[in-house]
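Work out the full structure, taking the sequences as your base and the hints as a guide.
In terms of full-length UniProt numbering, the sequence shown opens at residue 1 and continues consecutively.
Please keep in mind that the hints were generated in silico from the structure rather than gathered at the bench. For clarity, every value in this text was computed on a predicted model and none was experimentally measured. Hints may be right or wrong, so weigh each one.
Claimed, not checked - Cβ pair distances, simulated, as ranges:
#, residue 1, residue 2, range
1, THR31, GLY79, 17 to 25 Å
2, PRO89, THR205, 30 to 38 Å
3, GLY150, GLU77, 19 to 27 Å
4, THR14, ALA117, 28 to 36 Å
5, GLY160, PRO100, 34 to 42 Å
6, THR31, ARG203, 27 to 35 Å
7, ASP221, ARG166, 33 to 41 Å
8, ASP172, GLY150, 42 to 50 Å
9, ASP172, GLY57, 40 to 48 Å
10, ASP172, THR205, 24 to 32 Å
We put the beta carbon where it would ideally sit given N, CA and C, even for glycine.
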Amino acid sequence: MTPPPLAHPADLATVRASYDAVADSYARMVTTDGLGDIRQPPWLRAAIDVFADDVAGIGPVLDVGCGPGTVTAYLAERGVDVSGVDLSPRMIDNARRLHPECRFAVGSWTELDLAPASHGGILGWWSLFNLPRDLVPQVLAHCATALKPGGQLIIATHVGDEDVQRNEAYGDVPVRWTTHRWQPEQLADMLSAAGLPPTAELRLTPAVGSGRAVVLVGQRDD
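Put into structure tokens, the structure is as follows:
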């Protein structure tokens, strides 16, 4: 049975326009400064490597919120059948330019139309934090339905209790979005409720990046 359509965030158009505005600046930072290069932070690279090994052969993998395609391209290099989507058309333009060997499309978490049991893996690599808190359980449940048995969802996000309003980002470009921070236990509980009991958790200290972060993996059992 196809799951019901997801509700869209009220600020979806505003967030999309903000990421369009920073897309070129962010892509330059990725290519010149290594920002977001999954090869650099060893623990993050290790998490992605294990994920890639675990979902190999189960089914296609979708990188949601792929930005300029850095992680998508890394997974493709490892032989994963992967494609990327991002809510920002300009981000997708940069992804296609930087990684023409990969497949990319425009779409947000709440615009995905995923058939049941169609994917071996889904990534939310620092791409869930703009979703309003009340929509995250719906998105996780939609991902659980879309995964094949044994398929995995891996998410990485900022840790904290408060929401942060961003007015500039990536080279002082004006933006308007909210960063919703979560405690790892909250995310683990939501994964379990969605039918994706956590199988791994990696907590990162501020020394690894700009603040505390967590990587969580949930797996569909049946």
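Which numbered hints does this structure break? Result: no hint breaks.
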